[in-house]
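S.K.: Next come the chains, spelled out residue by residue.
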Amino acid sequence: MKRLFLTLTAAVALTGMAMAEDPDFHAILAKIDEQTNFKGDASAKVTIQSKKPGENDNIMQAQYFRRDSSNKFMILILKPEVNKGQGYLKIDTNIIFYDPESRKFSKLTGSGNFQDSNAKNSDFQASSLATDYNIVESGREKLQAKDTWVLTVKAKTNDVTYPKRKVWVEVSTNLLLKSEDYSLSDRLMRTSLYGKYVNIDGKFLATRMRFEDNLKKGEVTDLILENPSMATLPDVVFTQAYLEKVNN
Amino acid sequence: MSVSSMALKNLARQKRRSVLLGGAIAFGILVITVVNGLSGSLITSLEANISNLVPGHIFIRGIEKTDKGRIILSMKDTALLEKAVRDLKIPVKSIAKTTTVPQAAIVSDFGTQYQGLTGLDLGPGSYIHDRIVIVQGSLDHFTGSDKILIAEGTAKKLGVKLNDRLAVQTQTQTGQQNVLDFTVGAIYKDPGLAASLAGAYADIGIVNKLRDMAPGEYTNFGLFLDDVSSADLWGAALYKALETEKLPLWVRGTPQDLQTLFRDQTWTGTKYALFTLNDILSFLKGIFGALNGIAFAILMVLFIVIMVGITNTYRMVVYERTREIGTLRALGMQRPQIRNLFLFEAVFLAIAGILAGFVLGVVVLFGLSFVDLSSWKDFNILLKDNKLQLFVNFLWFLINLVAVTALTAVAAFFPARKAGLLTPAEALRTTN
Chain A
1 MKRLFLTLTA AVALTGMAMA EDPDFHAILA KIDEQTNFKG DASAKVTIQS
51 KKPGENDNIM QAQYFRRDSS NKFMILILKP EVNKGQGYLK IDTNIIFYDP
101 ESRKFSKLTG SGNFQDSNAK NSDFQASSLA TDYNIVESGR EKLQAKDTWV
151 LTVKAKTNDV TYPKRKVWVE VSTNLLLKSE DYSLSDRLMR TSLYGKYVNI
201 DGKFLATRMR FEDNLKKGEV TDLILENPSM ATLPDVVFTQ AYLEKVNN
Chain B
249 MSVSSMALKN LARQKRRSVL LGGAIAFGIL VITVVNGLSG SLITSLEANI
299 SNLVPGHIFI RGIEKTDKGR IILSMKDTAL LEKAVRDLKI PVKSIAKTTT
349 VPQAAIVSDF GTQYQGLTGL DLGPGSYIHD RIVIVQGSLD HFTGSDKILI
399 AEGTAKKLGV KLNDRLAVQT QTQTGQQNVL DFTVGAIYKD PGLAASLAGA
449 YADIGIVNKL RDMAPGEYTN FGLFLDDVSS ADLWGAALYK ALETEKLPLW
499 VRGTPQDLQT LFRDQTWTGT KYALFTLNDI LSFLKGIFGA LNGIAFAILM
549 VLFIVIMVGI TNTYRMVVYE RTREIGTLRA LGMQRPQIRN LFLFEAVFLA
599 IAGILAGFVL GVVVLFGLSF VDLSSWKDFN ILLKDNKLQL FVNFLWFLIN
649 LVAVTALTAV AAFFPARKAG LLTPAEALRT TN
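As they're listed, the protein sequences go chains A and B.
This note's numbering numbers the first residue of the first sequence as 1 and each following residue consecutively.
This note's numbering numbers the first residue of the second sequence as 249 and each following residue consecutively.
Because the hints were derived from the structure by calculation, they are not lab data.
Possibly wrong hints are sitting among the right ones.
Partner residues aside, some chain A positions facing chain B, computed with beta carbon under 10 Å [unchecked claim]:
#: 1; residue: Lys52
#: 2; residue: Pro53
#: 3; residue: Val136
Given the structure is predicted, the values throughout are model-derived calculations rather than measurements.
Glycine included, every Cβ here is placed at the ideal spot set by N, Cα and C.
Produce the complete structure using the sequences and hints provided.
M.R.: As structure tokens, this is what we get:
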């Protein structure tokens, strides 16, 4: 009887320890979303540097506007001259591309590449990890001396860019540091690194990102965000008319 | 002697003048015949080459739109379509059910090529057997396999040969990233520019897997007709028949027009779009049509200049032949006959010039059709067997014939009328 009591006590204690060690991972995903999505507007200047083997580096500059509360973004290309005036407008689930040459709008998908880089159009939208993914595996490991949760997540629906992701989340900050993005056939397609965040009024904006293509070896894209601002933007910025107007 | 015979004799009398005026007309006609012939040749070859590469002459696609606004191409049951084809007795050579990936990334260790990937049954009887030339490997055992058929140029750019492995990356129908491995099963003769249009081919099973589509599904129902030029006719008939069957249909239009409709409208279920090869080529045909129009406009400007020359020349001719006109009038020739004499001269001159220009133009085109343009590798979709196809546009010839003859007659009318109005005594009194 005494033995049974001890066993039960040990079991309860171990379960308790395990429960204490394993936090609510879904809450962690929600926390990532919560602290990287802005209640108001945000804007920044973006530099996109793409490297491809055997080709010259491609450097592009753009102005990036976000309104996470209504799931909108606008990216207006500033450089190079040949792409100047091109724009990406996301309203709800639609991403619309504007080409000032033809003065035409066309519809894009979130999983499409942004301007022939390794960044996806969906990389610019508000984070929705908790809404889009279920956690299927979890662990804890060191990533460059930082203590991280390693979570393998699978998409809840069939319309997110990557059906499976493995994400490294810093334990102390609940910020995403790294992500391995897998195809539907479970092939590693891309490794995303989030090198630096800035804290603006309690919200975090990743200002240094690197996207490495695991399929097309040697293709890398660096994204640098500068001059971040949380100033309120006029509503007109998130309209097709704005894209036409800035090109007139 | 009739007025027309006299007109011909007069033209022969003034050989140098006739040759110069007729030569100017002939030159203009030569230019427009060559321009029309070249544009016709290019569009005919383009149409023939593309019809050899695209999966049909008449296409039907089932379009769905998800709650999130994503457009999905999907067809499962086409019994109704096939019944309509049978009922209309459309002269169909074959029906192709294909799944197309508009832009797939084909990745090797040496690089990436972005091009279309078509999934189809590559077994015996497939339309692809008649339309491409296999230079390495064969299409045997493609069915149910992971083999891929690529163009020579693509193989070269990717640095791959037969039996090498490739990865093909694209999005699923719902926008998820996907990638599958393929084996190079065959390589076909490079169709130049068309490589980006035709791209690669593989069994529909593996392409459906890549697009996350169910087995048996496809995105395109294509009809190959016995005669490609009847595509518009049968396309219209099929559309009407499907409309009668109450099949939800999109309005007829080019694929570009329809894309805009798909983007802007919302609907439920599957709505079908029907278009023909000509709808696909309408943009290019518009360019060549505009080229012909510009050439015609230039010709008209040229002929206005020539008209001024003709008017001045005939004013001089009337002046030089005033006494002759007086003599003819004194011999009993009436005013309208005198007027017609000069008009006939001008019209005969124009017809001779037009015919000479047209014949010379055809000779130039005939000569060009022997020039080997195999070095124009990127443009060989516009050629037939690496040469320009001989194309003579008789409709444009008739339009030119009527327009230029009429312009020449108008140019000569006023001097001719003046000649007709001369009185015999007044004309005979002149000392020219």
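S.K.: Next, verify each hint and record whether it holds.
M.R.: Cross-check of the supplied hints:
1. Lys52: Since chain B brings a Cβ to about 9 Å from A/Lys52, closer than 10 Å, the hint holds.
2. Pro53: holds, 8 Å
3. Val136: violated, 16 Å
The structure shown violates just one earlier hint, number 3.
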